[in-house]
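Participant: Residue strings, one per chain:
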Amino acid sequence: MNAIKQKDLILYSGLIILGLVAPFLFSAFKVQLTYLCVLIVLAMTWNLQGGEMGYNSFGNILFYGLGMYLTASVQVGMFFPLAEWTESGGEKTFVHTTAQYFQGIGVGLLVAAIVPTIVAGAIGYAILGLRGHYFAICTLGLGIAAGEIAGGIEIIGAGQGFTTPPFPAEIVDPEARGQFFYFLSFLVLVLAFVFVKYIYGSRFRLILNAIRDNEDKAEAMGIQTMKYKIVGWMCSAFFCGLAGGIMGGLIGYIDSTDVAFDGREMGVFMVLMAILGGKGTLWGPVIGATLFHFFKEGLWTFILGWQYVALGVLIVVIVVYFPEGLMGWLREKYPDRFGEVIDEKDRKAQVEIK
Amino acid sequence: MNKLVKLFTIFISAITLTIASISSSFAKVEGEYIVLGSAISLTGKYSSNGVHTQNGYNMAVDRINKMGGVNVGGKSYKFEIIYYDDESNPKRAAQLAERLIKQDGVHYMLGPYSSGLTKAIAPVTEKYKIPMVEANGASRSLFTKGYKYLFAVLSPANQYLEVAIDLAVEKNGGKPVRIAQAFEQDAFSQDVRLGILDAAKRTGSEIIIDDKLPKELNDMAATLAKVKATKPDVLVVSGHTKGALTAIRQISEMKVDVPMLAMTHCDAAKLSKQHGKNSEYALCASQWHKNLSYKDKFFGGGKKYDKDFKKEFGYAPPYQSAESSAALLVFKDAFERANSFDRDKVRDALKTTDMQTFYGNIKFGPGGQNVAKPMILFQVRCKGDSCENKVVAPTKWASDKFYHPIPKWSERS
Chain A
0 MNAIKQKDLI LYSGLIILGL VAPFLFSAFK VQLTYLCVLI VLAMTWNLQG GEMGYNSFGN
60 ILFYGLGMYL TASVQVGMFF PLAEWTESGG EKTFVHTTAQ YFQGIGVGLL VAAIVPTIVA
120 GAIGYAILGL RGHYFAICTL GLGIAAGEIA GGIEIIGAGQ GFTTPPFPAE IVDPEARGQF
180 FYFLSFLVLV LAFVFVKYIY GSRFRLILNA IRDNEDKAEA MGIQTMKYKI VGWMCSAFFC
240 GLAGGIMGGL IGYIDSTDVA FDGREMGVFM VLMAILGGKG TLWGPVIGAT LFHFFKEGLW
300 TFILGWQYVA LGVLIVVIVV YFPEGLMGWL REKYPDRFGE VIDEKDRKAQ VEIK
Chain B
0 MNKLVKLFTI FISAITLTIA SISSSFAKVE GEYIVLGSAI SLTGKYSSNG VHTQNGYNMA
60 VDRINKMGGV NVGGKSYKFE IIYYDDESNP KRAAQLAERL IKQDGVHYML GPYSSGLTKA
120 IAPVTEKYKI PMVEANGASR SLFTKGYKYL FAVLSPANQY LEVAIDLAVE KNGGKPVRIA
180 QAFEQDAFSQ DVRLGILDAA KRTGSEIIID DKLPKELNDM AATLAKVKAT KPDVLVVSGH
240 TKGALTAIRQ ISEMKVDVPM LAMTHCDAAK LSKQHGKNSE YALCASQWHK NLSYKDKFFG
300 GGKKYDKDFK KEFGYAPPYQ SAESSAALLV FKDAFERANS FDRDKVRDAL KTTDMQTFYG
360 NIKFGPGGQN VAKPMILFQV RCKGDSCENK VVAPTKWASD KFYHPIPKWS ERS
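Sequence lines, in order, name chains A and B.
Heads up: the first sequence runs through residues 0 to 353, numbered per numbering that gives the first Met the number 0.
Heads up: the second sequence runs through residues 0 to 412, numbered per numbering that gives the first Met the number 0.
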């Protein structure tokens with residue numbers, strides 16, 4: 000037991016050191032690395048519903064977009080009139096001082112974590128009674144509806160979009176912005192990982208699994224499934240909100256349907272990444288997101304115009320050959336490495352029967 | 000567990016190696032090439048206009064390279080463009096701009112298609128002090144942000160259809176008109192809307208329908224039903240290529256009678272070809288038309304550009320292509336005047352640009368917008384079955400008279 004712990008320690012400290020030096024080692028790739036952190040957070044928290052609880056949610060993008068708009072709105076609204084900021088063709092130019100910028104984004108991220116969590120609780124209460132496909136379709140609608148609604152609210156820029164505050168000009172180092180957002184996203188990633196890891200060792204996960212495997216039985220066992228389902232979704236919403244807030248600041252421009260409530264891309268990607276890596280595992284979404292990001296960044300520019308076809312092929316390949324994801328595939332191939340004991344006699348007996 | 004850790008270590012080191020190996024970078028000027036970068040919409044909702052833009056860029060690169068290239072410091076250089084596909088998505092565009100600058104080492108940028116994407120890229124180019132000449136971001140809010148490295152060869156979006164309202168008022172005997180309008184929910188179309196609001200205020204006109212259209216635009220029947228019921232004097236529609244196509248298709252299907260129909264993107268949508276007589280009398284805002292008499296030594300005039308473009312790409316150039324070609328002429332001119340590849344010198348040279356191209360005069364205002372070129376309006380007119388875009392305003396360029404009001408569908412053959 001101790002030996003495993005020690006190996007884990009080496010692995011984790013290695014990864015953290017890698018995470019800390021990465022922006023200096025691969026300075027030109029900071030933005031991509033930031034995206035990677037955010038993608039992993041999204042995949043990992045999606046996995047809580049899709050993988051552990053068996054509720055395939057396409058609605059997590061709602062919390063992501065909400066977090067994005069909230070962070071930007073708070074960051075602007077704390078110091079300047081929001082309506083004038085977003086008014087297109089407005090002649091006034093507002094500039095955040097360095098202190099204002101960081102205070103704003105700090106408070107903004109806080110709000111971006113809390114509000115989506117509450118929203119998830121409220122919506123969850125209303126719709127988590129739905130199961131299976133009905134839940135999936137319902138959440139799909141959530142993201143789309145949110146995008147359309149946000150596109151009509153003038154104070155957050157409506158169809159014009161919302162330009163988030165530019166990084167303070169007093170910081171002249173052009174690398175500073177990239178580093179700031181990288182470390183912010185890395186911090187959120189570490190928090191999310193520690194949190195999910197904690198859940199993996201808790202009774203809470205077993206309850207989620209019970210809900211996935213047979214909700215009626217779980218309920219019959221005396222588990223208040225509704226309560227746990229809602230709490231599970233709220234946990235995801237917390238991190239999705241944070242991830243959205245960071246992305247808003249990084250991208251610098253929020254568009255209602257293309258950036259914030261981007262169900263067509265981010266919303267699908269987070270599901271895809273979790274499935275690619277293997278849903279229902281701790282490392283699956285991490286590996287899935289990493290591979291997916293590399294596939295996307297590395298290959299897409301070489302097949303200009305065909306990247307979505309390639310993505311389609313990827314999805315088909317995943318579904319046909321790796322229905323359980325990479326981790327699931329590995330687990331099937333090398334079960335002993337996952338701590339599963341196989342009775343050789345039993346296996347042979349089964350082969351003979353076939 | 001042991002093996003798993005090993006597996007993971009291998010995985011991580013493989014990734015590290017991959018990153019390290021692909022981080023080779025281009026230089027801003029490589030050998031005899033000046034490398035420009037552009038994220039362009041080759042897929043997604045702006046893909047057709049993205050391709051128009053790319054064709055415009057490519058056409059100008061070929062032409063300039065063939066005709067002696069760019070002379071800097073007594074040496075001749077050629078243009079080369081690195082393209083990425085931004086998938087019509089601002090998030091992706093911002094990321095690709097970062098990539099072009101940081102990883103590909105691009106020091107000069109060409110704009111993407113559409114205002115929204117330009118808005119996403121401008122903060123990035125501004126941060127790294129990369130001069131960007133853009134030809135397809137017309138939103139007014141681009142020019143009020145105090146950007147120093149952004150230069151647009153086109154007139155701002157709010158000017159697109161303002162003239163149309165003035166024209167309607169004039170035809171109405173100087174009396175205010177009743178306006179129905181429907182705009183896509185994107186930065187460009189919403190800016191066109193602001194222009195209409197200004198014009199309505201100025202002329203005392205009343206806006207009786209003010210609808211928003213979704214981004215993936217393929218139906219506006221609800222708006223048209225209202226138009227049928229309320230009978231406005233002018234119907235204004237803007238929503239890029241899809242908006243123009245949808246409007247004409249449904250207006251002709253539903254036989255909506257309206258005295259004046261003003262739109263954007265008619266030429267990019269090839270309305271006169273695709274919808275023929277159904278699109279007749281539509282009034283369209285355009286940055287450029289081949290009949291204008293501007294000239295330069297690379298493309299000759301508009302008519303010659305039209306001919307060469309048709310030969311090269313097999314269709315008549317919409318203004319999106321023309322303005323994109325003009326962007327490269329601006330860059331060439333700035334490089335030669337700066338006589339240097341220093342980014343700030345090139346920027347200063349861009350700032351003092353004052354030239355004529357086949358596309359129009361180009362001179363940048365304090366916000367980076369082109370202040371030397373008016374918008375034009377053309378109207379689709381048909382002879383028999385062949386339809387053409389005829390310039391009707393401003394009067395200086397007009398080849399035909401503005402036909403008003405549009406005859407009722409029951410009277411049209």
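One or more hints might be untrue.
Unchecked claim - Label-pair ranges, simulated between beta-carbon atoms: (1) L205(A) x E29(B): 38 to 48 Å; (2) V20(A) x K303(B): 32 to 42 Å; (3) K200(B) x E169(A): 35 to 45 Å; (4) E169(A) x P365(B): 22 to 32 Å; (5) D341(B) x E169(A): 23 to 33 Å; (6) I117(A) x K230(B): 40 to 50 Å; (7) S339(B) x E169(A): 24 to 34 Å; (8) P175(B) x G128(A): 49 to 59 Å.
What the hints assert, rightly or not - Some chain A residues close to chain B (C-beta under 8 Å, calculated; not the full set): (9) A27; (10) V30; (11) G160.
Calculated from the structure, these hints are not laboratory results.
None of the values given here were measured: they were computed from a predicted structure.
Glycine residues also receive a C-beta, built at the ideal position from the N, C-alpha and C atoms.
Participant: All the hints need checking, so say for each whether the structure fits it.
Facilitator: For each hint, the structure was consulted:
1. L205(A) x E29(B): 38 to 48 Å: violated (59 Å)
2. V20(A) x K303(B): 32 to 42 Å: violated (57 Å)
3. K200(B) x E169(A): 35 to 45 Å: For K200(B) and E169(A) the Cβ distance comes to about 40 Å; the hint holds.
4. E169(A) x P365(B): 22 to 32 Å: holds (23 Å)
5. D341(B) x E169(A): 23 to 33 Å: Given about 25 Å between the Cβ atoms, the range holds.
6. I117(A) x K230(B): 40 to 50 Å: holds (48 Å)
7. S339(B) x E169(A): 24 to 34 Å: Cβ of S339(B) to Cβ of E169(A): about 29 Å, so the range 24 to 34 Å holds.
8. P175(B) x G128(A): 49 to 59 Å: Holds: the Cβ-Cβ distance is about 55 Å, inside 49 to 59 Å.
9. A27: Cβ of A27(A) sits 4 Å from chain B, so the hint holds.
10. V30: holds (5 Å)
11. G160: holds (5 Å)
Checked against the numbered hints given earlier, this structure breaks hints 1 and 2; the rest are met.
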